[in-house]
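Number of protein chains: 2
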Amino acid sequence: MIRVNVLYPNDPGSTFDMHYYLSKHMPMVQQKMGAALKGMTVDQGLNGGLPGTEAAHRVITSLLFDSVEAFERAFLPAAAEIQGDIPRYTNVAPVVQVSEVKM
Amino acid sequence: MIRVNVLYPNDPGSTFDMHYYLSKHMPMVQQKMGAALKGMTVDQGLNGGLPGTEAAHRVITSLLFDSVEAFERAFLPAAAEIQGDIPRYTNVAPVVQVSEVKM
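Residue numbers (our numbering), protein chains in the order written: chain Z, 328 to 430; chain S, 328 to 430.
Hints listed in this document are in silico derivations from the structure and should not be mistaken for laboratory results.
It is possible that some hints are incorrect.
When chains are identical, the list treats them as one kind, so a pair holds in a single copy or across two.
Straight-line distance between alpha carbons at most 25 angstroms, and here's what the computed SDA-like set of lysine to any residue pairs gives [unchecked claim]: (1) 365 / 397; (2) 351 / 378; (3) 359 / 407; (4) 351 / 428; (5) 359 / 345; (6) 351 / 379; (7) 351 / 400; (8) 365 / 340; (9) 429 / 412; (10) 365 / 391; (11) 365 / 339; (12) 429 / 338; (13) 365 / 338; (14) 429 / 418; (15) 351 / 365.
All chains, please: the whole structure from these sequences, using the hints.
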């Protein structure tokens, strides 16, 4: 199993429309990924571990797939449309990471 | 539900002993957190989204708790012991983030 993390940095001046993200963007991603998508989560940063500290990321999203190949097969045909939607909810570029689930 | 993410940056020269982490550190964390811990995952970075790119983080770990208060109650008494174990498996300081699970 692999996880694709999409991390939106909490840069000064950054904006993020969580309502649009949850009600429009993520349902569109889910529909485009189809059965290849095995699970997804969206987390909104609260703090940096201790009260009063800043979270490093405004939002961390995770998408589960069976394999890197399954992710690429599902994502690449939809990449332009998904990435083209990003400016509708944020002004920061997300950091994307593909990881192997170890535990 | 809240998620505590522990992100180990993929800095040049960084080291990470995944065997120790999975067989010693995470079981110790699990035991210290007890019933407050509602789930955990450990992901090992493969790439930055496209083949041949670098993952921003060597490892991303997530820990689920019912609330920030439940996390703090479980973590703070064990913090010194857990943090003191970090140099046994890595030479990078993790970035910690507490987030609210939205989806």
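Consistency of the hints with the structure:
1. 365 / 397: For residue 365 and residue 397, the Cα distance is within 25 angstroms only inside one copy (10 angstroms; across copies 29 angstroms).
2. 351 / 378: Neither: 31 angstroms inside a chain and 28 angstroms across chains, both beyond 25 angstroms.
3. 359 / 407: within (12 angstroms within a copy, 45 angstroms between copies)
4. 351 / 428: between (28 angstroms within a copy, 18 angstroms between copies)
5. 359 / 345: Within one copy only: 20 angstroms inside a chain, 34 angstroms across chains, cut-off 25 angstroms.
6. 351 / 379: neither (31 angstroms within a copy, 31 angstroms between copies)
7. 351 / 400: Answer is within; shortest intra-copy Cα gap is 22 angstroms, inter-copy 36 angstroms.
8. 365 / 340: Neither. Shortest intra-copy (34 angstroms) and inter-copy (34 angstroms) distances fail the 25 angstroms Cα cut-off.
9. 429 / 412: between (31 angstroms within a copy, 20 angstroms between copies)
10. 365 / 391: both (5 angstroms within a copy, 19 angstroms between copies)
11. 365 / 339: Classified as neither: same-chain Cα gap 34 angstroms, cross-chain 33 angstroms, threshold 25 angstroms.
12. 429 / 338: So residue 429 and residue 338 pass the 25 angstroms test across copies only (21 angstroms; inside, 30 angstroms).
13. 365 / 338: Neither. Shortest intra-copy (30 angstroms) and inter-copy (30 angstroms) distances fail the 25 angstroms Cα cut-off.
14. 429 / 418: between (33 angstroms within a copy, 20 angstroms between copies)
15. 351 / 365: Answer is within; shortest intra-copy Cα gap is 19 angstroms, inter-copy 29 angstroms.
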